[in-house]
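Enquirer: Residues per chain, in single letters:
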Amino acid sequence: MNPLALQHYLAVGAIMFCIGLIGFMTRRNLIVMFLCTELMFQGVAINLIAFGRFHDNLAGQAFVIFVLVIAAAEASLALGLVVLLFRQRNTLDADAWRDMKG
Amino acid sequence: MPFFLAQAGGPVLPAIAIVALCVIAGIGTIMLLPSHFHPSWRKVGGALTAATGLIFLAAVLRHEAAEHQTDIHSVYFYIFSAFGLVCAMRVITHRQPVYSALYFVLTVFASAGLFVLLMAEFMAAALVIIYAGAILITYVFVIMLASQPTSVDGAHPTPAQQMADYDNVSRDPFIAATIGFALMGILLFVIFDRAEEITVASLNPTALSEGIARQAPAVEGNTQELGVYLFSHQQVSLELAGLLLTIAMVGAIVIARRRVTIPESLAAAPAEVVVFPATPVDDNPHSIPVYGTDNPSQKAYPET
Chain X
1 MNPLALQHYL AVGAIMFCIG LIGFMTRRNL IVMFLCTELM FQGVAINLIA
51 FGRFHDNLAG QAFVIFVLVI AAAEASLALG LVVLLFRQRN TLDADAWRDM
101 KG
Chain W
1 MPFFLAQAGG PVLPAIAIVA LCVIAGIGTI MLLPSHFHPS WRKVGGALTA
51 ATGLIFLAAV LRHEAAEHQT DIHSVYFYIF SAFGLVCAMR VITHRQPVYS
101 ALYFVLTVFA SAGLFVLLMA EFMAAALVII YAGAILITYV FVIMLASQPT
151 SVDGAHPTPA QQMADYDNVS RDPFIAATIG FALMGILLFV IFDRAEEITV
201 ASLNPTALSE GIARQAPAVE GNTQELGVYL FSHQQVSLEL AGLLLTIAMV
251 GAIVIARRRV TIPESLAAAP AEVVVFPATP VDDNPHSIPV YGTDNPSQKA
301 YPET
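Line order of the protein sequences matches chains X and W. Numbering follows this note's numbering, in which position 50 of the first sequence is assigned residue number 50; successive positions increment by one, without gaps. Numbering follows this note's numbering, in which position 163 of the second sequence is assigned residue number 163; successive positions increment by one, without gaps.
Don't read these hints as lab results, they were simulated from the structure. Do not rely on the hints blindly, as some may be mistaken.
Pulled a few chain W residues facing chain X out of the computed Cβ check, cut under 10 Å [claimed, not checked]: (1) 16; (2) 19; (3) 24; (4) 36; (5) 46; (6) 48; (7) 77; (8) 107; (9) 115; (10) 165; (11) 170; (12) 177; (13) 221.
Glycine included, C-beta positions come from ideal geometry on N, C-alpha and C.
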């Protein structure tokens, strides 16, 4: 039987999520910031599939399918917004929109 | 009492070791992130982070070797997870967005490998197709579209100088690394010290899966099982997901389209159709030549 415990997969997912979080907070390029959110999605997906496997049901995988759907929708909308913002200020710097406080 | 709960090995890592490793990895990450520091700082930071990762890996391996015999499954697990995490670090530390996107593709491949190890073959394929094939291509397109040539003084600019300033300098790396590695330390502490060890063998399959998977008709393979599950238990969610994708597509088109301005002279001119004896060489309607104007909205087929 599989000697790997659930903890191994949870640890990988947690580390990947935190790396994505650090990247989201530090990088200033809008595209790389969205790439880091995708990295966080990866960590969550590993967690969900590992839980589904170790509990022996399919809910985890079904959940990851919906996470993929949301990620695809988010990527298309976010990249459309990035193109729009780039046309306005001609830069990808997130700090260019610093005055947008609300 | 199952055998793996009775061992006296204790936790994988003591809490103080997790804290120390997270602090060192945080310092290494701060030095690795793009900044104005001398390039040698990045090498030191990379060495620090890699050393931390190796120590962590060695601790986990030592713990495992004391309790189980290692098989090929866990070898693949360590290869995939180490590869994926190294590529994830490169995603957030590389200066050039294109390279970040390409390293993210490698991370997706590593995750797909982990999914295969978790008996989720369909999700592994879907991840590679959707993420590496579709979403990342979109990212790379937008990066190409939105990158601008920067003019740098000097005859021989280094590659770092050619990058835009917002790619070269990161924002608040100290605060971000503190928050991120604090969260990582807490999560690892909970996962390794506070959770009881769960393996597939430790769970009673009949007890936990009484509802969902067993009611489905007996089919072969993960993909078929997942399909039966989705269309028998998640129908409404599936339809909503399709609706959401459609709405997102319409929204993205509305957001990103650019209004084409037609010059006044062309817009005011009457539609001009050049009538010419055009004889198709065959039955294919596309072989009819199209005559028109510069104004694309006035293009018309000649009347024969």
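Enquirer: State for each hint whether it applies.
Expert: Do the hints match the structure? See the list:
Proximity of residue 16 (chain W) to chain X is violated relative to the hint, the smallest CB-CB distance being about 18 Å (cut-off 10 Å). At its closest, the beta carbon of residue 19 (chain W) sits 14 Å from a beta carbon of chain X; the interface hint therefore is violated under the 10 Å criterion. Restraint check, residue 24 (chain W) versus chain X: the minimum CB separation of about 14 Å is more than 10 Å; hint violated. A hinted interface residue such as residue 36 (chain W) counts as satisfied when its beta carbon comes closer than 10 Å to some beta carbon of chain X; here the least separation is about 13 Å, so the hint is violated.
Taking 10 Å as the C-beta contact cut-off toward chain X, the hint placing residue 46 (chain W) at the interface is violated, the least distance being around 14 Å. The interface hint given for residue 48 (chain W) is violated, since its Cβ lies 15 Å from the closest Cβ of chain X, which is over the 10 Å cut-off. Restraint check, residue 77 (chain W) versus chain X: the minimum CB separation of about 6 Å is within 10 Å; hint holds. With 10 Å as the threshold, the beta carbon of residue 107 (chain W) comes within range of chain X, its nearest partner Cβ sitting at about 6 Å, so the hint holds.
Taking 10 Å as the C-beta cut-off, the interface hint given for residue 115 (chain W) holds, the closest approach to chain X being about 6 Å. For residue 165 (chain W), the interface hint holds, since its Cβ comes within 10 Å of a Cβ in chain X; the closest pair sits about 8 Å apart. Annotation: interface hint on residue 170 (chain W) holds; nearest CB of chain X at approximately 4 Å, less than 10 Å. Interface restraint check for residue 177 (chain W): the shortest CB-CB distance to chain X comes to about 6 Å, inside 10 Å, so the restraint holds.
At about 12 Å, the closest approach between the beta carbon of residue 221 (chain W) and any beta carbon in chain X exceeds 10 Å, and the interface hint on this residue is violated.
Hint compliance for this structure: hints 1, 2, 3, 4, 5, 6 and 13 are not met, and every other hint is.
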